[in-house]
Amino acid sequence: MSDQKKGSISDVLNEKDIQKRNEFYNQYVKEVTPKFSVFKNSVKAFLIGGIICTIGQFLTTYFKNLGQNEENAKSYTSLVLILLSILLTGFGIYQKLAKFGGAGTLVPITGFANSVAAPAVEYKKEGQVFGIGCKIFTIAGPVILYGIFSSWVLGLIYYLLKRFGLV
Amino acid sequence: MAANQNKQSKMVGKQSIIFRDPPYIISASSVAGKKEGEGPLGHLFDLIHEDPMVGKKTWEEAESELMKQSAEKALEKAGLKSQDIRYLVGGDLLGQLIATSFGIVDLEIPTLGIYGACSTMGEAMTIGAILVDGGFADNVMAITSSHFAGAEKQFRFPLDYGNQRPYSAHWTVTGSGAVIIADKDSHKKEQGASVVIKGVTPGKIVDFGLKDSMNMGAAMAPAAFETIKQNFEDFGVKPDYYDKIITGDLGYVGQTILIDLLGEKGYDISHNHMDCGIEIFDQEEQDTHAGGSGCGCSAITFTSYILNQLRGGNWKRVLFVPTGALLSQVSFNEGKSVPGIAHAVVVEAET
Chain A
1 MSDQKKGSIS DVLNEKDIQK RNEFYNQYVK EVTPKFSVFK NSVKAFLIGG
51 IICTIGQFLT TYFKNLGQNE ENAKSYTSLV LILLSILLTG FGIYQKLAKF
101 GGAGTLVPIT GFANSVAAPA VEYKKEGQVF GIGCKIFTIA GPVILYGIFS
151 SWVLGLIYYL LKRFGLV
Chain B
168 MAANQNKQSK MVGKQSIIFR DPPYIISASS VAGKKEGEGP LGHLFDLIHE
218 DPMVGKKTWE EAESELMKQS AEKALEKAGL KSQDIRYLVG GDLLGQLIAT
268 SFGIVDLEIP TLGIYGACST MGEAMTIGAI LVDGGFADNV MAITSSHFAG
318 AEKQFRFPLD YGNQRPYSAH WTVTGSGAVI IADKDSHKKE QGASVVIKGV
368 TPGKIVDFGL KDSMNMGAAM APAAFETIKQ NFEDFGVKPD YYDKIITGDL
418 GYVGQTILID LLGEKGYDIS HNHMDCGIEI FDQEEQDTHA GGSGCGCSAI
468 TFTSYILNQL RGGNWKRVLF VPTGALLSQV SFNEGKSVPG IAHAVVVEAE
518 T
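Protein chains in written order, with this note's numbering: chain A, 1 to 167; chain B, 168 to 518.
Excised from the complex, chain B in its bound form (with noise of 0.2 Å):
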């Protein structure tokens, strides 16, 4: 083992990593349905489809296709073919990935299919950027997706049954976003600054005993503290070295609680907190009560509007940190409570 010797360590703290050559993002796509079209960041979306079903016959078909277009988009925008892409991760919600699988099927890359609920998009975008940074692949793809009634079907009620959601209840995104993290940056320079993945922390499980499933803001918050809190220990920074730290899909209720957790903890995020849940919705207008959620919600708000700020040399630096609640209808119906997740994400500027 001589040779691991010579090589720096890439370790950080306690579970993070500072990338030596970090990977750059050169393209982003972000397909979306018609509410999330209608919402705050709508004008920033590549594409925008009004019918829910996507000319499909099923929510699942549906699903697939956005991925599926999400994919072509980005390897358009970065003037690349499928077969150029190394390797493919990404994940979605569906019972074992089933947007994943038949959205990707006919474009051929090796794929590592992976699941993290809502906080898919930022595991994604972790491994990819260790197997880019670590010499194992030059162009990696990290994608995901979400559908509202896909999800609905899943996870709560048939999309018909007539009941009241609860204010803490999330409003699941329709979309599906990808990035293409590589070794050299080919981006082109007029579309702004150059961007990469300077390091990442992936959380563990976190688990206060919530019960409530239809209050995922406050299962996912102790993870998304608790990923936050490690990456200001691992890499010795306090929270005014992000211009932004931002999570997948808090919402209202989670927002409030994440940032009562690190107050306590003595770190004040109160003023360069965001949350893409709250962002992508308007709440009043769109009646969407906590916030937008599902995997879709982190992934097509960075890749339209953090990429953007980012590009325009708005920010310099974010936190992303994309959270997910690690609910089953099985697990909650034998009594257990939601688990949380949160994936942390360095994404900086280069000026």
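One chain only, chain A, in its complex shape (with noise of 0.2 Å):
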């Protein structure tokens, strides 16, 4: 038995000290769990990925023939994005996207809104308040704390290089 490898049913069993035998069974059940195949997730969500940048892309152009200027093109191509995506979200298809493209609709622009528009949806009725107005960052909530705080060091190290002549 000893070449075998730790972490099949009988040494959960057999082993006394209770950690340990966590720590086994964690890796017994890590082996009879199915998973995903990480190829073909990555395939799902280069194409769903791909089609809504592209979207973005297309949107980017079309403003730009209409005479905008580069900024204001990539401002409204987000509006627009964020606009689909919550009605989307509203209709319950974006989360039909998402069961399919994965990390394909989690990392653009749309992902974000969905986050935030999902659980509006959600805790409307528990009120403006207490619902809406308390939850609706439940998931995006992080994102937003962390992005602002993370641009606040950069920011400060930026300063930092600046008053050095580094930069």
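Treat the hints with care, since some could be wrong.
[As the list claims (entries may be wrong)] The list that follows gives simulated cross-link-like pairs (lysine to any residue, SDA-like), each with its CA atoms no further than 20 Å apart:
(1) B:Lys432 x B:Asp407
(2) A:Lys30 x B:Met381
(3) A:Lys125 x B:Ala316
[Unchecked claim] Cβ pair distances, simulated, as ranges:
(4) B:Ser437 x A:Gly131: 45 to 51 Å
(5) B:Lys503 x A:Glu31: 21 to 27 Å
(6) A:Leu145 x B:Gln496: 16 to 22 Å
(7) B:Arg484 x A:Lys124: 48 to 54 Å
(8) A:Trp152 x B:Ser437: 55 to 61 Å
(9) A:Ile144 x B:Ser249: 48 to 54 Å
(10) A:Lys124 x B:Asp449: 32 to 38 Å
(11) B:Val179 x A:Lys35: 40 to 46 Å
(12) B:Asn500 x A:Gly131: 19 to 25 Å
(13) A:Val43 x B:Lys224: 37 to 43 Å
(14) A:Lys64 x B:His210: 55 to 61 Å
Simulated from the structure, these hints should not be mistaken for lab results.
We put the CB at the ideal spot given by N, CA and C, even for glycine.
Dock chain one against chain two, each of which comes alone in its own frame, and use the hints as you go.
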């Protein structure tokens, strides 16, 4: 039995040390639990994420052709993508896209919009203040907080580097 | 305490009870949602709701309504009124038992609210049978419910949030099941054999330190293993003693683990194990990954399919073991593992 990989079911049951037993059990569970194929998931994410980004590029080019400058065109693109994502969330379609596309729907700005719109829809029934107000950022909150925090840290570094004439 | 000495003990083994006057299950009801209705057991349910909101405004109200309807259906099938029920034992998954509180309030039955996560039906039937066998009640209703959307909101993400469920994830059953446990058999003979609760093995909380809250089958399997093993030891029986050993919602992953664990102790249940979470949905067609879960999963499978098999004489004796993952978002965020619990109920058809 010594050459047997630790984490088999007999190791779990025969281990007297609780912490070790739990470790063995976690290992054993990992082995018996089916997993997504990373390759298949990546292909799907590439496809859906790519489509979203292509729509984004189409919009940017369109707004530029209307005579907007680069910055404005990009802002309008974000706004339209957010609007689309919120509409799809409200109609219950975005969830289905995400089930298929995974990270492809999570990473673009549409994923962020979905993570704000979904709690708003869900918690509306608990009221404007305690429902939507308190819970709208339950998923997106960490992104906002740590996004702002890390830009503050980067800003500080930039300031110091500038101060010492390094940039 | 002289009276006590005259009483025959009903305790067997380390933690089981054998009933001297096994209580009867005189009536049972199953109310289910649309997806459950489309599943393999759909034709057996008493009521199926196409509308996930059940005509209400919130998920919590909807689940309360499911529970109310299953209570009323069980009463109707037994030809009883709510006043005839001495006590109601029940619970659900929503915070502070929302569905039970608001679903049952109008029935005006003295109520014992319980929480055992998805093992609630086993716990309710256990307490109900003890009350009846002990002479503390003539009719007791054991009831529970769960709702997919309510459970997602409570334990996971808002419904419309885009994420991918792992293969080990369960699909919470929308439904409510109730049984009426009684000291006298009054079920109609043309509906088949009388069904009694012969004994119970209440389970302990078992924690093998699993940290993955999306793999509840693996969290609950050790608890089911402990309870089933103890049941065999306490009653001095082998797995073959039961026509079926039926767990609540271990799903595919949990089933593999349970069979492995018991096999390691010399108990082979691979041929007579069944899991309500696996039976209730068609995994391929309905995209439910590991299987169904929730209090309603074992409850409506028991009150429809399992009871039918017993009444129809296909099975003589089953060990019904609803399983629960004692998961809370708070304890999980605080880095705690997911403990499991399982209660075993010996259910027999009388010939």
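Violations among the numbered hints, reported as their numbers in ascending order: none
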